[in-house]
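Please model the entire structure based on the sequences and the hints provided.
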Amino acid sequence: MSIVAYLALTLGGAGLTLLARPRPSVAQAVGLVALALATLAAFAIVPGERLTLGSGDILGTTAYGRAFLVLGTASGLLIALLGVVTNAPRDLPVVLLGGFGALGLGLSMASPVGAAVAVTVGALGGALMTLDGPPAPRRTEVAVLEFRAVAVAAALALVGLAWTARPIGPLTLAPGAFGLAFAAVLFAVAIRFGAIPFHLATARLADAVPGPALPMLAAWAPAGLAVVALGWIETGVLPAGLDLGAERAVVVTIGLATIVLGAVAAWMQDDLEHLVAYTIVSDAGFILLGLTVLEPSAGGPTRIFILVYLAAKTALGGWAVALASRFGTRRLDDLSGWARRSPALGIGLALVVVATFGLPGLLAWTVRFRLLELSIGGPLGVIALVGASAALGAYVRLARIGLRPIGEAVAAGPGDRPVRGGGPGGLAPVSIAAALVLVLALVAVAVSGGVAGAAEASGAGGTPGASPGTSGEPGTPPGDGAPSPGVSDGSETSPPTDSGGPSFQPLPTP
Amino acid sequence: MSPFALGIGVLVALGALLAVSVRDPRFALGGLVLAFALGPLVAEPLPGLAALLARVVAAAIGGELLVIALRGRDVPALGSPLGIIAPGLAAAAAFAIGLAAPGLGGDALGSPAAGAAGAAAIVLGLAPLMAARDLARRTVGASVLVLGATLVRVGLAGTPGGLEQLATGALAIGLLGSVALILGRLSGGTMPTGEGGRPSLSRTAPPMRRYGAHPIVDRSPAVEPAPAVEPARAADRPKRAR
Numbered sequence: 109m110s111i112v113a114y115l116a117l118t119l120g121g122a123g124l125t126l127l128a129r130p131r132p133s134v135a136q137a138v139g140l141v142a143l144a145l146a147t148l149a150a151f152a153i154v155p156g157e158r159l160t161l162g163s164g165d166i167l168g169t170t171a172y173g174r175a176f177l178v179l180g181t182a183s184g185l186l187i188a189l190l191g192v193v194t195n196a197p198r199d200l201p202v203v204l205l206g207g208f209g210a211l212g213l214g215l216s217m218a219s220p221v222g223a224a225v226a227v228t229v230g231a232l233g234g235a236l237m238t239l240d241g242p243p244a245p246r247r248t249e250v251a252v253l254e255f256r257a258v259a260v261a262a263a264l265a266l267v268g269l270a271w272t273a274r275p276i277g278p279l280t281l282a283p284g285a286f287g288l289a290f291a292a293v294l295f296a297v298a299i300r301f302g303a304i305p306f307h308l309a310t311a312r313l314a315d316a317v318p319g320p321a322l323p324m325l326a327a328w329a330p331a332g333l334a335v336v337a338l339g340w341i342e343t344g345v346l347p348a349g350l351d352l353g354a355e356r357a358v359v360v361t362i363g364l365a366t367i368v369l370g371a372v373a374a375w376m377q378d379d380l381e382h383l384v385a386y387t388i389v390s391d392a393g394f395i396l397l398g399l400t401v402l403e404p405s406a407g408g409p410t411r412i413f414i415l416v417y418l419a420a421k422t423a424l425g426g427w428a429v430a431l432a433s434r435f436g437t438r439r440l441d442d443l444s445g446w447a448r449r450s451p452a453l454g455i456g457l458a459l460v461v462v463a464t465f466g467l468p469g470l471l472a473w474t475v476r477f478r479l480l481e482l483s484i485g486g487p488l489g490v491i492a493l494v495g496a497s498a499a500l501g502a503y504v505r506l507a508r509i510g511l512r513p514i515g516e517a518v519a520a521g522p523g524d525r526p527v528r529g530g531g532p533g534g535l536a537p538v539s540i541a542a543a544l545v546l547v548l549a550l551v552a553v554a555v556s557g558g559v560a561g562a563a564e565a566s567g568a569g570g571t572p573g574a575s576p577g578t579s580g581e582p583g584t585p586p587g588d589g590a591p592s593p594g595v596s597d598g599s600e601t602s603p604p605t606d607s608g609g610p611s612f613q614p615l616p617t618p
Numbered sequence: 051m052s053p054f055a056l057g058i059g060v061l062v063a064l065g066a067l068l069a070v071s072v073r074d075p076r077f078a079l080g081g082l083v084l085a086f087a088l089g090p091l092v093a094e095p096l097p098g099l100a101a102l103l104a105r106v107v108a109a110a111i112g113g114e115l116l117v118i119a120l121r122g123r124d125v126p127a128l129g130s131p132l133g134i135i136a137p138g139l140a141a142a143a144a145f146a147i148g149l150a151a152p153g154l155g156g157d158a159l160g161s162p163a164a165g166a167a168g169a170a171a172i173v174l175g176l177a178p179l180m181a182a183r184d185l186a187r188r189t190v191g192a193s194v195l196v197l198g199a200t201l202v203r204v205g206l207a208g209t210p211g212g213l214e215q216l217a218t219g220a221l222a223i224g225l226l227g228s229v230a231l232i233l234g235r236l237s238g239g240t241m242p243t244g245e246g247g248r249p250s251l252s253r254t255a256p257p258m259r260r261y262g263a264h265p266i267v268d269r270s271p272a273v274e275p276a277p278a279v280e281p282a283r284a285a286d287r288p289k290r291a292r
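Protein chains in written order, with the numbering used here: chain F, 109 to 618; chain B, 51 to 292.
Read the hints as simulated data drawn from the structure, not as lab findings. Because the structure is a prediction, the values reported are computed rather than measured. It is possible that some hints are incorrect.
Unchecked claim - Listed next, with one range per pair, are the computed distances between beta-carbon atoms:
hint	chain 1	residue 1	chain 2	residue 2	range
1	F	Pro242	B	Gly122	14 to 24 Å
2	F	Pro132	B	Glu114	18 to 28 Å
3	F	Glu403	B	Pro95	32 to 42 Å
4	F	Ala152	B	Pro95	37 to 47 Å
5	B	Arg76	F	Arg131	51 to 61 Å
6	B	Pro53	F	Pro275	23 to 33 Å
7	F	Pro283	B	Met180	23 to 33 Å
8	F	Arg439	B	Gly122	35 to 45 Å
Think of the CB as a built atom: it goes at the ideal place given N, C-alpha and C, for glycine as much as any other residue.
Below, the structure written as structure tokens:
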């Protein structure tokens, strides 16, 4: 069973790395090797497998799950390497391995409730990353805030998911309670993403957590819960056919506020990591919007947007780490002329922008429009679209700062010319960091464009402006297109999706 | 509902009550570990022996982490300023409601005692989580809240399968381990203190940056510069450095 190998490598690797913790260099090597092997294991996951355990539990694999884990573990490996050359805390590989192990377990479990428990375990491990380093009141306070956010979200998700983990029929007699369960799960996702007005923990997270760990904590871990929630909506909420207009309106409002205000907040920051954190928060609003669309056609675009979002935000986080490390400051005012000094990082930022917003014809572009259209539509959708474009402001500001005359701090830092140093292969760490950032950015661009190619090849390519429920829905992420357990085995408990794309959660129950 | 399940449910609620109400950290954290250890026993039907053992061992590991992290340290006092009576009454009311309304609008697949104990734990965990600025109480309250949610889940949807039990055990270790680490950091006497001399959230904070949202007390240290490299050569230097 291919997923078992992945889980053994990630969770076992995390354990071994922890055991080797007293010897930092050994622990670092063990962590990197485990991440590399886990990446290979993620590639080797065979979609459509089912493993029934002795207790009756089912572990299953899907094409989407494989794409999620391949992208995550490979990005994690690159981020860990970036951490090595930028002197990130030694526990970063442990957090990455443990986090992706928990995500892998959660995304392969049949029960949405069990999946929520598993992804919460991973989030807890990440929250403790805030305590890495010497004791400081700031870190402790942020750790408590993050711990509280994870706990509240977990409690909401567990109760909400459990409420519908029963025969749905009688539950429809209490539509109010059903709506509360729906809202609870979506609020849990919003809290984990730090959506406005729940952004306090995420905002402070950027102050305490090491830069390389920020995408894992602020994007990947919450995204796992979002995928679980999406699968639950498709199988636990849609079949009930209830009118949840009020609950949807509340969450759509939160999603819109997150997109617009998050973008404005990112634009106003003068700290690089704060800017990254708020752009992560801002784009998460689209995921919230996708979760509010109670139509089978929304699952595909939302899943694809999650992949694009994760790839782009990981690349942005890596870029910020490389920039801050090279010039020794996170203050934007001190980074004047960074793009002149380091054109490689300038190209990296440009690629991140392309991956984030896409270009006409790329799926990143298409799914943004599609999610807005499905969730809002009409004149309000146009307003939302204008608001969403405000996110570009933060990137434009970064570019303008980069093109200014070179400032003192930037002048003191190394340029792009390869210099010899103490890094692997004799290259200077800054050169390796820039190369890693370019690889991350290229991966992100490939995801936002390659996903589209794969989807179109499978006959489910998305088209801008297609009306809901029509056949032109993006549905298949990169992968081999093998049928997933959620749609292919004819299980009575797995309602068919008419999207034609793989449904990730939940897997059929026996 | 069997008397055994009801009795265990009462014990779990009492453990949660101790965790959030007693000032002495030893009793408070002991109550927390007790609640996590007894939690799986409140299910009907009981989980398999292996799952049960895994959950109990997980709680024991969590307790051991607390002992390791906090032994010999000056752990800040816990407990509610309201004492134990008021939270106890609130928990009793929640327990009664949980018993009276299992299923919350549908048929409960699990033990009503689990739902009742879960409701009591949620009520007990919410108060410090939402109202207290005391960081230690917030941390313990968050753990009690998640414990309550897992119990409500058992009450609503029945006894979890083995894999979910294993994941819940890992969750218990994660929660108790987090409590241990955070309380360990709060024990150093380096935190700003609030009412009663307890470590608390910083109430006021000087602005750190022009537009920084939600500034906190001390500014993050400057990012460490990149590892040493050869100094930039003249040809590599900017022409118009200002």
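Quiz item: Going through the earlier hints one by one, which of them does the structure break, listed in rising order?
Solution: Result: hint 5 breaks, nothing else.
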